[in-house]
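J.: Here is how the chains run, residue by residue.
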Amino acid sequence: MEVTSNVPVDDGQVWRGGNKPLNASYGKMMMWFFIVSDALTFTGFLVSYGFSRFKNINSWPIADEVFTHFPFLHGIDAPMYYVALMTFILIFSSVTMVLAVDAGHHMNKAKVTFYMLLTIIGGAIFVGSQAWEWKNFIKGEYGALETKGGQILQFVNAETGKRESIQDFAIGIASERETHAPNNGVWYQNEKSLPNVSVAEVKKGFLANPDLVIRTEQLNSEGRKTVLTRENSLYKIEDAVNVVEGANLIHNEYGNRLFADFFFFITGFHGFHVFSGVVINIIIFFNVILGTYEKRGHYEMVEKVGLYWHFVDLVWVFVFTFFYLV
Amino acid sequence: MEAGEHKLAIFRGLLKFKSNQQKIWGVLIFLSIVTTIEVVLGILKPQILMASFLRMKLLNWIFIIMTIIKAYYIAWDFMHIRDEKTGLKNSIVLPLIILIPYLAFILLLEADYIFDVMGQGFVSWNF
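First to last, the sequence lines map onto chains A and L.
Taking this note's numbering, the leading residue of the first sequence gets 870, the next gets one more, and so forth.
Taking this note's numbering, the leading residue of the second sequence gets 78, the next gets one more, and so forth.
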């Protein structure tokens, strides 16, 4: 066994903790233990996501329909390509990080600097991409109605099978609206921002356009969202109480609200990890430039931040699978 | 750790690299291939893989297995677990591979049960 050593050592060394059965420095081992505990935190999040999903297994939003954007390709349905790109960027920045660690073993300061810089750039691009992904998710695309029970009703053109935006078919109803101001109402209440169209306007537009039908949250046996007939749609639309555009922590036009909650929470927590990883990398980067580790005689600090950075990559691999693929 | 201490073989010795740098690029290529397969399968969604196995689609099982394979190579080669002592390796990996499947199992089973209760009960959730 590698764990126990049979080589005689003098007592003083043993009793003072001089043995190193794991052959790892204090800092590196603590980084590993932090990673283990952080991995369990992420496990808790991802498993509770799985819990909610299995609980609503027949009405969960389909990721391919939610994340369909790619930069500069407007109106083109491009599911998953963007997250795939993000995944490659993060894996690549993981590679530059491990190359920096390797260069550190060879005490090659110039190479460590260069690879650390590439890693920081990769991380920054990733965080930026995630922000863009969030922006699209929050903004929404087609809009939907919400029933009293929190079910989402989306609109589909019965002939083409394409989704229809509520903005496009809603017919405006002239109405007076007074803005609530703190000085003429309850002073501690603020007015929430209103959707651009009202439920009545969407209903009016729906009645006027005989091609439109409602698509519910429920998944059919083929794993697609159930589309109602025109008659059932006319019946169903009476249940609507809210207009939902985009997603936030309370409403979600793509389907189950929990989907949005977990998306914000898990990718947000991961994004925060990436952000702090970039900050720590920048600190280490400057230390490398200043020659701190050259003087110290080893680049173990680069290896330690490297462990954290790879861990962030590792978590993203799982987030990618459970949010976008499965 | 000296530079020469890295174990340079992956796939149980099937693929040997001359230097640590070469191994890093090799692992990158492998991870890229796996990710590309995942993305292609995710876009195509072949009809054969839509069959259900243990209450989940076959395709989803494939995705999860591929993810675990990727996680293995990131941890083993990028995080140098391959080069660590058995004791350190076990103290990191064992808690995770015991606790994570356990938590996943009890919560998903419970969720499945709640789904059945909600579907069979007399309360309508769709209104």
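Honestly, the hints are just simulated from the structure, not real lab data.
The reader is advised that the hints may include incorrect statements.
[As the list claims (entries may be wrong)] Straight-line Cα separation of at most 27 Å, DSS-like style, residue types lysine-lysine; simulated pairs:
| id | chain 1 | residue 1 | chain 2 | residue 2 |
| --- | --- | --- | --- | --- |
| 1 | A | K1072 | A | K1061 |
| 2 | L | K84 | A | K889 |
| 3 | L | K122 | A | K1173 |
| 4 | A | K1094 | L | K166 |
| 5 | A | K1173 | A | K889 |
J.: It remains to establish, for every hint, whether it holds in the given structure.
T.: Outcome of the hint check:
1. Proximity of K1072(A) to K1061(A) is assessed by CA-CA distance (about 22 Å); at most 27 Å being required, the pair is judged to hold.
2. For the given pair, K84(L) sits about 21 Å from K889(A) by alpha-carbon distance, which is consistent with the 27 Å threshold.
3. Note on K122(L) and K1173(A): the hinted pairing is violated, with a Cα-Cα distance of about 40 Å set against a maximum of 27 Å.
4. A distance of roughly 46 Å separates the Cα atoms of K1094(A) and K166(L); the hinted pair therefore is violated under the 27 Å criterion.
5. Under the criterion of a C-alpha separation no larger than 27 Å, the hint pairing K1173(A) with K889(A) is consistent with the structure, at around 18 Å.
The earlier numbered hints that this structure contradicts are 3 and 4.
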